[in-house]
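For reference, the chains in residue letters:
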Amino acid sequence: MDTEIKIISRRRKKYVRSTNRDINIVHRNPNPESHPFEQAREYKRALNSVKMDRIFAKPFLTAMTGHIDGIYCLERHPKYLSRVVSASADGEIRVWDLMRRKTVANVQAHNQFIRGITISKPNGNFFFSCSDDQTIKQWRFSDLRSNVNSEYQKKKKPISTFISEETLRGIDHHWSRHTFVTSGDTVQVWDHKRSKPFQKLTFGTTETSSAIKFSPVQKNIFAAAGSDRSVALYDLKISTPIRKVILKNQTNAISWNPMEAFNFTVANEDHNCYTFDMRRLDRALCIHNGHLNAVMDVDYSPTGREFITASYDHTIRIFNIRSISSRDVYHTRRMKRVFVAKYSADSKFIISASDDMNIRLWKSEASKPLLPVDRKEKNAIKYRESLKKRYGYLPEIRRISKHRHLPRVLYFMKQQKKKSLQARARKYRNMKMNNPSSVKQIKMRKRFIVKQLK
Amino acid sequence: MSKSRIPKINLETYELPSDFSDSSIDESLAFGSSEDEEITKYKPIKQKKTKQKQLSNSSNSESESESEEESESEEEIKKNKNKNKKKKKVTSQKVVGINNFTEVSDSDSSESEGYENPRKQKKRHDNLLNIVGSVSQKGDKFLKDGKKKITKRGTVKTETSNEGEYSAPIRSTVSLNSLLDSIEGEQFGELKRNLKRDDEKQKGSKKKKNNNPINVPLSEPAQMRITRKVGYEQTKEAISKWQDIVQENRQKKTMVYPLEKPTSALPTTTKLVKEFSSRTEMEMEIDEILKNAKVEDEKQTTQEENLKLKKNKISVEEVWERRKELAKIRSLMFEEEKKARRRKRIKSKKFRKLLRKEKEKSALTLDEIAMIDPEEARSRIELAERKRAIERVTLRHKNTSKWTKRALKRGVKDKQTRDAILQQLKMGEQLLKKIKSVNSDDESSDYSKSDEDDDDNEGENKKKNGNEKDIGLWQKKLNSKDKKGLFSLKFMQNAINKNKDKNKDDYQEESEDGEEDSGEEGSKKKENEKEEEEEIMGRRTFGFNKKKPKAFQKKNKKKKKLLKSNLDEEEKENKKSDPKKKKLNNSDQPINIEMENSSLFEVEPFDKEDEQIEEWNIKNKKKEQNDDKDQKYVKGKGKGKGKKNEQKEKGKGKGKKNEKEENANENEMGKGKGKGKKGKKKNEKIDQKDKKTIKKNKTNKKNNKPNNKRKKRKQIDDSKNPWMRGSNQKEIKQNQKKKRRNSTNNEIKDMINPKQLLNVKKADESNLNLKNMDKTQKKVVQKAFPNTIFEEEFRKEKDEMINDKVEKILHEEMKGVIGLQGWGNWGGKGVKVNYKKQQRINKIKLQKKAKIRKTIFKNRKDSNLKDVILHEGRLKEKTKYKIGRVPHPFTSREQYESSIRVPLGREWNTETQFKELIKPEVIVQMGSAINPIQYALLRKEQLIKKKRKQQRQRNFLGSRNSKSKKNNSKKEDLGVKVD
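Those sequence lines, one after another, are chains A and B.
For the first sequence, position 387 matches number 387 in the numbering used here, and the numbering has no gaps at all.
Here the numbering used here = 1-based position in the second sequence + 1000.
The shape of chain B in the complex, shown without the other chains:
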């Protein structure tokens, strides 16, 4: 081998020959083109490696040394240089021998790459012998000279080796030296010398540069280790590009999957057709059929179709015939349409009726329907039943509807309307019958009996009876169903009972009213007074201020009596102050007893039904008074009076006209408001006025009606007011009655006095003596005035708590005083108690108690805070609202607490805020496959974002520019105009 061969291998600048081919690169080509970029990154390594492979495959040890150097160079990057140098020094010695040998073998192998001729083999053999000879000649010298000379010798050796025609190294290049050697003669001596000098200079410089010899190649495992290491580092680096993306995605508040946004552009049909592959069962089946029929190809099918069409030839006559037929059909259709339109326009009822009847006739009966379609029949039956139910609930069959009322008032002249009304009534009867038949007959209620009685009495009662009947029936129903279904439930029964009670109350009131009414008729002073008393007893009325407070006092007293409170003192006072009241008080007593039935402090939910019942109570008030039943409730109110009333009532009911009644009512009103002389005077005045206005009223009745309604509503409002409910309800009721009778509005305005209402409140509050109340009452009061009770309870609780503590400590302390219980004393029967000792102990106890109490009060933080209990210890129940430590993502307590502070709910946030707050962390769109994250996609998105931003900026700038331009142009325009 030539000496120039070695210096030529410059590791730094080593490059592959241009025609170098590598199998592994082929493999990498198999990957496709998309990741070519990435592949290029790795190219240098790969090339090196592949080179390595190739060389190692041919048993060329020289190349091994090269590769070793390569790997060494790689190592250099990683390891300390010092270490490296040491290693090289060590290895270089070993290399020497091998190196020589390898050079020889190199030339050998280079030839072996060619074809193997026997002649050539012989030549090669000769060559080898020559070389061996030369080696043996110079071998001794090598050993003596040492390191420095080795390389020199190496070069020398190459020079001296025979350069015959056979031994010429194939790949070596011709150097200047080898050419010079062939020149002989002294002519060129000087030139030779000069050249040699130059050469040596060069060599010297190269020695310095490339001092380290070629090292021994590493073992394969070691090599692999290095490649692995480098590979790992590389992949690590490559994969770290995801770091930021991952971090960002982790910190995002919400992530929407799949990541790739759906493309806005719809796929074209051609694309769809191209990509189509049958997936579902049906698609596959169709596909199969098509395949079997061999009609997959579109062109073919169209051709075939065309052919078939060509075969289907139609004659001209046929076409004409077809056309005629069509025309005929069209004309027929037109006629039919015309007819239908005309029919539709006919307004005759008779015609419609006939039509309907015809339809009905032709319609199937229920049985037939049931035969055909049982479900349909069932639904029809259901519908009918529902209709009936609605009928029953709405009571449309009664003569209570607006329409019937009006019709009746006008006088039913039209036969149709009469029929309709009759039909309604009939229906009602039927329904009633049905109900009766359903309910057991043996349960004959009081109501039905009373109904019968009433029927005898008067024609006017009918209406009322009807209503009562209904209610009775309902109640009957309820009673009958007592033991089963919904009504068996306790609360339902309670509600029923309550209803009953209420009705009773109403009856009572009515009867009272009736009495009052009769009282007025007499218009005697005494009676008037009595009436007043009664009024005071039973209920309050709105009126003049003067007397109201008194009435209130009395009422309150009544309450107190009822509640067995200490009333006597007040009574005494009253007696002293007002002799009139004496009488009143005396007269109060019997009535108090009867009042016990109705609760004084009623707070019941306002009920529409109640009102209605009330209404009809009012309507039929006078008639009711005749009923024995009602009399029961009125029992206490003086029998004589009641009788009188009865008589009068009867007389009135039979024949008297509205005028008198109204008059009476007027009187009553006056009486209700004003008491005493003044009241009476006023009443008289009002009477006169009323008489004048009666006629007017009659004419104005229609006008007044709505007014009345309004008033009614007003009262309803009042009654809804919890303050008004209990105490004023009765008044309201009475007022309602009065208003009904009284057609004038003006007086009512006077009747309602706000001051008085306020008084009522105060009176009520002052009367809150909870201890004396029933449980239910207490509850009611608690509801109305929560603070008063809770305050008391709260204080009690606090006191008890402190007392408990005191007792505890006291118990402990007393142990020291008394010693152990039962020790030091005699026990058992007959032992005398040492009272002195007991007293002493008690004294100590008291003292200690006071002391402890004092200290506790001193120590407690809440001792000065009246409305606060401060628990100073750890409360076990509260532990479930506490977290042991700051939860993971938060770093401090404050941070966590602040994160909780803002509530999330709709109640505390605006709608947009709310939506923002409740956004979930992960949103996955329905039914879409989520693909793994893709770098290219992210890059694309980034680019798009960037572009958009730029565009926006450009647009912004553009718009600004254009604006300014426009302005300028405008100015110019103006300028032109001005000019």
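Next up, chain A with everything else stripped away, as it sits in the complex:
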């Protein structure tokens, strides 16, 4: 008896192109009759891919330890993807390498709370730190290497120190010039090579401002958030403040859209973020809600399509610039109040710093594979994405894609907040019904604005 072993074999010629330029041989039956129920099938595929997404959603990459106090400042390098500088409350500054996930350099920069850090912009050779001790120090990255024993290393001294006459609460560097601004009692404009600020800008009244941010696109404009619940816009060309909006609650952070020059988003104490058009400050473009405590930081993705918020409620949220609710929520059990969150320069990662002394690295898209994928796999992913987008409006898919787990405490907080908001809405409704004259009808997008100062 002849026994045969049958091997699954196929002719290479049939499946493999002879040259790169050849058409890909596709073995399929183009007859539409053999592929019925296209919508039903694609719907099912979309549903499956949404489920798969949820299954594979593992955004947390790593936590980097090293600081021995809460971290309140974090800045990413404009050029190098893996370089990040962080500063903690005890005055220590650390330079991190995200790829190796460890500290590259560290220095005890100040003796007091470091309020702000900024990296010099076009090339990113220096960074500046400002502290409660009313000094600004300029550091060179190459001087701070921790692993090389040299004279430079031993010194670990700043290149220059600027002494301010006023308190300092924030700092930001111009995107192309040797200029930086600090916030405090007044907004001061500094040059790298001048020991004194060459401009002091106020809005007339004395108010301290905290967060301050240059626009990366229209580079002469910057915005500062004041302690008088204001958001003020300044123009360096005219060297005056140009407009000020006072909101109902204080603003903690500001971020400009790097792709849409006139839009910026503001992280507010009232758990919300507001996106403004610089040209129309009487109303917000969009209100982003979802956080359950004050929003401490906001940062735009370099693509300008999304931004990330860090909150006092121990979570990070990712928002689409035009959507009210967040796309995703990140949290871990050990992460406490998050004070800073930044996108990486390639928009693929998120770096967060919290007062639990850790810096955490996240994926910006929770279920995307990190490693390079095969061409076919890439196409499959793209197909799934487009299916999700297409059928994302259908209730089942929407429900699954939107569902996020929240920690128990937050979950109940959310319920509570929902209730209180409902109660407020009910009261408003009742008032409107019973005593219409007592109720002023203001649009939602204007409600949180107190007034605009010209």
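Think of the hints as simulated: they come from the structure by calculation, not from any bench.
Just so it is clear, the structure is predicted and the values come from calculations on it, not from any experiment.
Don't take every hint at face value.
Heads up, simulated DSSO-like pairs for lysine-lysine below, C-alpha to C-alpha not over 27 Å straight-line [to be verified]:
#1 B:K1915 x A:K376
#2 B:K1815 x B:K1848
#3 A:K402 x B:K1882
#4 A:K402 x B:K1880
#5 A:K200 x B:K1236
#6 A:K51 x A:K451
#7 B:K1261 x A:K368
#8 B:K1229 x A:K248
#9 A:K336 x A:K402
#10 A:K363 x A:K79
Chain B side only, calculated, beta carbon under 7 Å to chain A, not exhaustive [unchecked claim]:
#11 K1229
#12 Y1232
#13 T1235
#14 K1236
#15 E1237
#16 V1246
#17 I1883
#18 P1887
#19 T1891
#20 P1903
#21 L1904
#22 I1918
#23 A1929
#24 P1932
Positions of the beta carbon are idealized from the N, C-alpha and C atoms, including for glycine.
Please arrange chain B on chain A, whose structure you already have, making use of the hints.
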């Protein structure tokens, strides 16, 4: 101050002095040069502002008024003119007093700008006193004259003020009037008068023009407010240039980040060196080392190296020595190479063998390897095990391979081949031993026993035994592993059982065949008939058309009997119509019972293994008949016959040659096809023919083999056909056997009759009585004929649905007739039932039911549609496929639906379409930092695009022109040639 000072300040045409210097401009210079263009835009404002600043710093109130006017002028642009006028009227009154005063102080301050001498101070003081005096003289008049005169007086005042050597205003210019004043005497009276007239004319015109007086400066906050406002407007305007770009980018289907395209030109090495800064750990370390070694400077290092080289001087002898050494090495290498090449060319097997052995000797044993590298050893063991496994699976050690077969046929003369075959066999034994030792010995299967029996019987059995052994072993294995591993799973066990059953069936068939064969030998009519019957009973064969339908009928009847359907009527009919069939039917009955074992409607996946088993069944058919086991399966087929067969079979098996066998087979074939007299005649003819062809066949055997194979394949194809599978499989099997024996091809062509196949189909379909089938059968039938069942079910479902509704409504309606249940009646034991009432109620019920049914049918849209159920209400399960409202970017339902209509997948689109459809919104290139959008970059891109377009156009035009030119030239050429 001179009177001409004021009219000189013309706001519209005001310009800064050429040597004007401003600190704030210096600051702006600090920004660098790249945004100079933008700065120039703002220059006018800035200058104004800076001027303001400067003036306000010096406590010059006059300049304040200027700045006020400036701001006023700015306001004019923004505010209504009417309002402005009113304001000015109000403010002008206030200005008067101040204005006078300021003029005085102006001259004052102008001097104060100089150095402060005590002498000068005194002079200044005197001057001031003078002026105050003049003011007090004319003060009353001012008050009386009112507005219009104020300015006049002002000018007058300046004229009258003492123009001493001290009071001469520094910045005032000399006017004609002041010169005229100094002229005295009546000679120039007329001239003076004329001049005055002219002057007054001028003044009058100026009054109209510059009527509004200089206003009070605004407070600083107010000023700031205005600048802020203007600044905001300006920035708004400036930033609005992004509007279109942002819009465009938002609407783009896909955005690729980073926006700036990578420059195609690679950076030069010098540039790289210039820009290089050590970043990674290693780079930094190297940098550090270099720094420490002080070899940073390239020039220096090269110099040092050169120096060192100079020190390293080599003598001529040394060089010679070195050269010799090298030559020696080279020659040795060459020799070695030569040797190796020669060795490689040697073809002697002996040499190779020796080499190999040497190698083996020198090679390490497994233990040694394990000592050195346990992993390697493990992998080797694994390899060996794998080899063994392959050996076991492929059964290469059996004498079944083509090679061994051929070798055996030729007669093994060569010692090597014999050795090889022996080795194979040995290996096989070893393997078997191993398997046996692995499996528990107490499990002695039937197979092994039968094997032993067979061994006694005949030498030829060996082969078969081997196979059987193998199968047995496998099965044993399976059995032994029943309780664990893969085989413990239910489906695996099912599969094993199925296999067993199949084997049994095959055995049965074989035995049947054997009987048939023996039957032919007798070649008696009766026996032939019986054979026919048997054939009809057991399976169908291909043959002449005439008898086939009958056979089918009978077969169908058998089925029906088996299924306990109402067969009797048909039987009766048959009896009436054909007396022959009577007998047949009678003879059917006992056989029916035995047939119950095998399912009638088998649809089993065609299996290669089955075929193989079948094959060897066929081969060893006659021998099997001797086995008791096989007899069991054949039990029902008449004992006498069986015995006869046995005897004959034995006799044949012992010594008869192929010729007779073949003959017999031929007969069998004939019998299989043709029945009755005609068939017999034909058979005889065929016999004769065959006898003639036997010799030919023998010679043609080789040629026929492939043909047979082809046939086999054909049958396989048939058996793959679901229609053929169940009913025809047995026939196929039989045919296979026959074909094997029969070396001629021609008859087989006759055997397959398409018409007959069609008949089979019909018969099968007509026989679909689902109710009487088993569950498994039902499933099978469902698979084969889905429509018939589903239609029935569907109708039922529809009916039930309607009935449910009817019942519901009826229940409601009957409430009115009967009233509440349990009320109005006596209940409990012994209560007589009012049948009349019951009847009445039932009657009403029926009537109502019919009525309701009618109305429902009337109302339902699908009442006329047989194959449709229309749900008219809202279906809850379907809500998950519905969206409450039109989603955001879409404006209408139609739009949304159309956006979904075209499927995205590969199945429905071409590859290029598919790729276009699934393009993501955002593409970010791996590992690149995305910079903020830059206007300059965009502009550049636009320009490049424009240029390209232009170039393309130019090229296009150029090519056209050149073409036409060429054509022309060609024509010309032709023309020349023709000429």
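Problem - chain A contact restraint on L1904 (chain B) - CB to CB distance below 7 Å - result: 6 Å, holds
Practice task
Verify the interface restraint on P1903 (chain B): the C-beta must sit less than 7 Å from at least one C-beta of chain A.
Solution key: 4 Å, holds
Exercise for the section: Return the status of the interface hint for P1932 (chain B): holds when the least beta-carbon distance to chain A is below 7 Å, violated otherwise. Expected result: 4 Å, holds
Exercise for the section: Could you grab the alpha-carbon distance between K1915 (chain B) and K376 (chain A) and see if it respects the 27 Å cut-off? Expected result: Since the Cα atoms of K1915 (chain B) and K376 (chain A) sit roughly 11 Å apart, the hinted pair holds (cutoff 27 Å).
Handout entry: Holds or violated: K1261 (chain B) to K368 (chain A), with C-alpha atoms at most 27 Å apart
Key = Holds, because 25 Å separates the two Cα atoms, which is no more than 27 Å.
Handout entry: Hint consistency between K1229 (chain B) and K248 (chain A) [alpha-carbon to alpha-carbon, up to 27 Å]
Key = Given pair K1229 (chain B), K248 (chain A) holds - Cα atoms ~23 Å apart, limit 27 Å.
Exercise for the section: Let me know if the C-beta of K1229 (chain B) comes in closer than 7 Å to any C-beta of chain A, holds or violated. Expected result: Nearest chain A Cβ about 5 Å off; hint holds.
Problem - Status of the hint placing E1237 (chain B) at chain A (closest C-beta pair under 7 Å) - result: With a minimum Cβ separation of about 9 Å from chain A (threshold 7 Å), the hint on E1237 (chain B) is violated.
Practice task
Verify the interface restraint on P1887 (chain B): the C-beta must sit less than 7 Å from at least one C-beta of chain A.
Solution key: The hint holds - P1887 (chain B) has a Cβ within 7 Å of chain A, the shortest such distance being about 4 Å.
Problem - Per-residue hint verdict: T1891 (chain B), partner chain A, C-beta under 7 Å - result: The hint is violated - T1891 (chain B) has no Cβ within 7 Å of chain A, the shortest such distance being about 14 Å.
Exercise for the section: Go through the hint on Y1232 (chain B) and say holds or violated, using the shortest Cβ distance to chain A against 7 Å. Expected result: 4 Å, holds
Practice task
Quickly compare the C-alpha distance for K200 (chain A) and K1236 (chain B) to 27 Å and report which way the hint goes.
Solution key: Given pair K200 (chain A), K1236 (chain B) holds - Cα atoms ~23 Å apart, limit 27 Å.
Of the numbered hints stated above, those contradicted by the structure are hints 6, 15 and 19, listed in ascending order.
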